[in-house]
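Novice: Each chain, letter by letter, is given below.
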Amino acid sequence: MSSLPVTRIDARLAKLRDEGRAALVTFVTAGDPDTETSLSILKALPGAGADIIEFGMPFSDPMAEGPPIQAADIRALAAGQTMVKTLEQVRAFRAGDNETPIVLMGYYNPIYIYGVERFVADAKAAGVDGLIVVDLPPEEDEELCLPAIRAGISFIRLATPTSDEKRLPVLLKNSSGFVYYVSVLGVTGVKSAAAGDVAAAVARIKAHTPLPVMVGFGVKTGEQAAAIAAHADGVVVGSALVNAVRDSLVDGKATAATVKAVADLVADLSAGVRRGRS
Amino acid sequence: MSEATTLNSYRTGPDERGHFGIFGGRYVAETLMPLILELDQAYETAKADPAFQGELKALHATYTGRPSPLYFAERLSAHLGGAKIYLKREELNHTGSHKINNCLGQILLARRMGKTRIIAETGAGQHGVASATVCARFGYPCEVYMGATDVERQKPNVFRMELLGAEVHPVTSGNGTLKDAMNEAMRDWVTNVETTYYMIGTAAGPHPYPAMVRDFQSVIGNETREQIMAVEGRLPDLVIAAVGGGSNAIGIFHPFLDDPDVRIVGVEAGGHGMQVYNGHAASLNGGKPGVLHGNRTYLLQDDDGQILEGHSISAGLDYPGIGPEHSWLSDTGRVSYVPATDQEALDAFQTLTKVEGIIPALESAHAVAEAIKRAPQMGKDEIIVVNLSGRGDKDVFTVGKILGVDL
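Line by line, the protein sequences give chains F and V.
Quick note on numbering: numbering that gives the first Met the number 0 labels position 150 of the first sequence as 149, and the sequence is numbered without any gaps.
Quick note on numbering: numbering that gives the first Met the number 0 labels position 331 of the second sequence as 330, and the sequence is numbered without any gaps.
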């Protein structure tokens, strides 16, 4: 539909397509390890090579996350992160960067409690481009997916190894922006998939949708990122980045090395993604 | 609510997508959705299959020991000086609680679905023991997730599970209680979805679990109806059950929901008292609707939608949510939900033990506590049925510690 405005996600992905390279999608948890450092990390991501940012809304019970993101959520909540602060951080980021797409990722309950209509309005106003909500399958699209789309926010769906030919059309129906392919069965940050399996899965998904397919779960190094980038439109990295935050802390507090630790890893991943198709 | 006055029946839910009013649903990660839909179909088919129901019934007769007796608690009734109190003796079931009713049903379903591995979460350990038991009986490997705090306070049950051949995983995330065990079980399920059947122990979680667990537990209420009719010639005036997730309660409540003369009361864990922030586990009396563990229901949570841990003396009630059908029954007004504190449960535990020679589980003692409050205010011709959902052997260490006795 040509009448729809081009979103930041669409614009960024079109640009990367022209450049002939895959996207690096980076996940960090909002408020980890504290509000101020988290904003500095957020601001440092594009310069280090992140093409799209997934900003995690921390939740007390992240049922699909492995130990690294569970720990990041606990750090953020212990430091007093709230939904209001997360949206404020997006707004502060947008003041200096109007191009890098931001996708909020998390679980439904904090959004439900904030209020769905208020949330989509405030998120849109803050400069959020997309949402990934792990515990909202298409069966519950009236909850948030459709209100988000009406507000002009993309609703990005997770496709998984269990998404068969029957299931793919159901989950792709109201999805937009891109598809996030969870390349292994399991929680975040534990196992990683073989490149060959990823190529087959991406092809299978692409037979059902024109949307770009980003691949994540278990990608930790530039080398792994390069291998995935050869077969997908983008690579998602999360647990490795929050582990970089964790490893930089002293007595649980941010240090001068924290932001740099994340940025250095992003730069390495970015180099990997860039050489993936060369 | 106006809904209460227009409903012809309280027994028709959920709808085909698992909703009881606004509650219930299927809020799970996409990885699990194909399996959840398959489970829904498999259960619908099994439910209508006389061979499935026949096998379950036969196992209940000779393995569980059903029907469980309905016992007239003559001394307790006289002691309180009011209504006649009957106890539905679910604590006499094999494994010592109502949990076996559900586990036998689910293991038969897992076998029909061709699953090869069973996982379960447990709080007090009663569901873990029942799961380990049916896995031993049917030859399945069983892994049980249990909060590290609960492992500590329910040691006898941990050892029972291990004797039965199950592997118990202590969960250290969060406060190490039932909520955290359920998170970890769901993480296992996402990882091993192709081979694994998740045996949820309470009437909560994504559809079809709340309805399925209720159906398997409704044997309690169905038997109670027949038994009370046989001895008293009429239905009870009041039915009382303890509510954590709410499986024993929905099991005894459901067959009575459409009998307007039967008052129904669910008893939540009041912990240190409702005035203490995060000091109780009474989701309906102290929480608000939210989404967790696959369903929308009343939850203990803070203003930002983060889930609170809650507290109860009883590990089985120490859960920040409740089955979605209870949330609906509460909102429609059909069932009243009230809290009982740790102290009230502890007093009831001792009273029932001394007056009737029956040691109740601390969970069930919450229901007994409510009967102790209400019976004196009722007439001698009135009838209360209390669901005695489990026996208290597992709790003697906890109670001993509180009473200052070192075991």
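No lab work stands behind these hints: they were computed from the structure.
Incorrect hints may appear among the rest.
Claimed, not checked - Pairwise CB distance ranges, derived in the manner of DEER restraints:
id, chain 1, residue 1, chain 2, residue 2, range
1, V, 193, F, 16, 30 to 36 Å
2, F, 39, V, 43, 22 to 28 Å
3, V, 138, F, 77, 27 to 33 Å
4, V, 15, F, 13, 47 to 53 Å
5, V, 166, F, 203, 34 to 40 Å
6, V, 56, F, 246, 56 to 62 Å
7, F, 266, V, 169, 35 to 41 Å
8, V, 275, F, 77, 48 to 54 Å
Said to hold, decoys possible - Pairs of lysine-lysine, DSS-like flavour, derived with a Cα cap of 27 Å:
id, chain 1, residue 1, chain 2, residue 2
9, F, 84, V, 287
10, F, 42, F, 252
11, F, 14, F, 165
12, V, 400, V, 154
13, F, 172, F, 219
14, V, 46, F, 165
In this text the structure is predicted, and so the values were computed from the model without any measurement.
Heads up, the beta-carbon is just placed ideally off N, CA and C, and yes, glycines get one too.
Novice: Output the numbers, in ascending order, of every earlier hint that fails for this structure.
Specialist: Violated hints: 2, 3, 4, 8, 11, 13; rest satisfied.
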